[in-house]
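Colleague: UniProt numbering puts the first residue of the sequence shown at 1, with every later residue one more than the last.
Think of the hints as simulated: they come from the structure by calculation, not from any bench.
No experiment lies behind these values; they were computed from the predicted model shown.
The beta carbon of each residue, even a glycine, is placed where N, CA and C say it ideally should be.
Where hints are given, some of them may not hold.
Listed next, with one range per pair, are the computed distances between beta-carbon atoms [said to hold, decoys possible]:
| # | residue 1 | residue 2 | range |
| --- | --- | --- | --- |
| 1 | Asn151 | Asp109 | 11 to 21 Å |
| 2 | Ser159 | Glu125 | 32 to 42 Å |
| 3 | Asp109 | Ala75 | 26 to 36 Å |
| 4 | Gly98 | Asp277 | 15 to 25 Å |
| 5 | Glu125 | Asn151 | 38 to 48 Å |
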Amino acid sequence: MEIRELSPVIGVEILGVDASAPISDADVARLRDLLNTHSVLLLRGQSLTEAQHVAFSRYFGDLQIHVLTQYLTTAHPEIYVLSNVKEAGRSIGNHKEGWNWHSDWSYLDIPCFGSVLYARECPPEGADTLFASMHAAWEALDPELQARIRNMTAVHSYSGYYNKAFGDREPLSAAQIAATPDVVHPVVRTHPETGRLSLYVGEDIVKEIQGLPADESAALLHTLNSHAVSDAFVYRHQWQDGDLLIWDNRCTMHKATPYDDVKYRRIMHRATIKGTDRPV
Numbered sequence: 001m002e003i004r005e006l007s008p009v010i011g012v013e014i015l016g017v018d019a020s021a022p023i024s025d026a027d028v029a030r031l032r033d034l035l036n037t038h039s040v041l042l043l044r045g046q047s048l049t050e051a052q053h054v055a056f057s058r059y060f061g062d063l064q065i066h067v068l069t070q071y072l073t074t075a076h077p078e079i080y081v082l083s084n085v086k087e088a089g090r091s092i093g094n095h096k097e098g099w100n101w102h103s104d105w106s107y108l109d110i111p112c113f114g115s116v117l118y119a120r121e122c123p124p125e126g127a128d129t130l131f132a133s134m135h136a137a138w139e140a141l142d143p144e145l146q147a148r149i150r151n152m153t154a155v156h157s158y159s160g161y162y163n164k165a166f167g168d169r170e171p172l173s174a175a176q177i178a179a180t181p182d183v184v185h186p187v188v189r190t191h192p193e194t195g196r197l198s199l200y201v202g203e204d205i206v207k208e209i210q211g212l213p214a215d216e217s218a219a220l221l222h223t224l225n226s227h228a229v230s231d232a233f234v235y236r237h238q239w240q241d242g243d244l245l246i247w248d249n250r251c252t253m254h255k256a257t258p259y260d261d262v263k264y265r266r267i268m269h270r271a272t273i274k275g276t277d278r279p280v
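With the hints as constraints, model all of the structure from the sequences given.
Modeller: Written out as structure tokens, the structure reads:
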């Protein structure tokens, strides 16, 4: 493998890996080590079937099925489709998903470990994805603020986020609401494999910090979220067809950006790697 840095604080491009072919145990261990160190991995120029995408993703762990089952429109339920494309009058994927800073599936009691996103069809402009290192964000905080928030907890609410983000769509079903109750996680979490600390916040999905009046909670969340996505901690990924991105949701946030969704098509397939530990 050849490694190229994507930014000073987050992300590397990996050359010499064909994700459509079997990968040795040694190379899987190397990929896991790189992910623990750099949080985001990029493999360009991949050519994957849906089955190969799922198989590659499983090298990192068991996969989870998204609660929005209406967007599991391939033959593989492990693939969550993000797209503005309609076929026979039906959306094949979730459009305008993730246009805020978040960590995937932080609203679960055991959040996901990672995401594996494959670009099948990209607009020639726009639709970049921003990634922020929550390790770097934590380490750059003033020590007094670090001490203040170190043992705080926050409520993550999927139903609250969904109502804000998708007010123009059918509401969550009773089963979907039951599957995603509000959960409480630490504001600062410890990476289960490296022991490094990181911020664990987000826009919209984090409803409140526990133990604070509503105005103080909102103000502190604004401060932490604004700090976390400072330019110094962020990598902007400009997608190309065939890009495969793997990221660690335990220590990153990301955000999709707009594009001309009337002029251009976009089809992205995401597999989600199951988490194994509650955040601590």
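Colleague: Each hint: holds or not?
Modeller: Structure-based check of all given hints:
no.: 1; hint: Asn151 / Asp109: 11 to 21 Å; in the structure: holds, 19 Å
no.: 2; hint: Ser159 / Glu125: 32 to 42 Å; in the structure: holds, 34 Å
no.: 3; hint: Asp109 / Ala75: 26 to 36 Å; in the structure: holds, 29 Å
no.: 4; hint: Gly98 / Asp277: 15 to 25 Å; in the structure: holds, 23 Å
no.: 5; hint: Glu125 / Asn151: 38 to 48 Å; in the structure: holds, 45 Å
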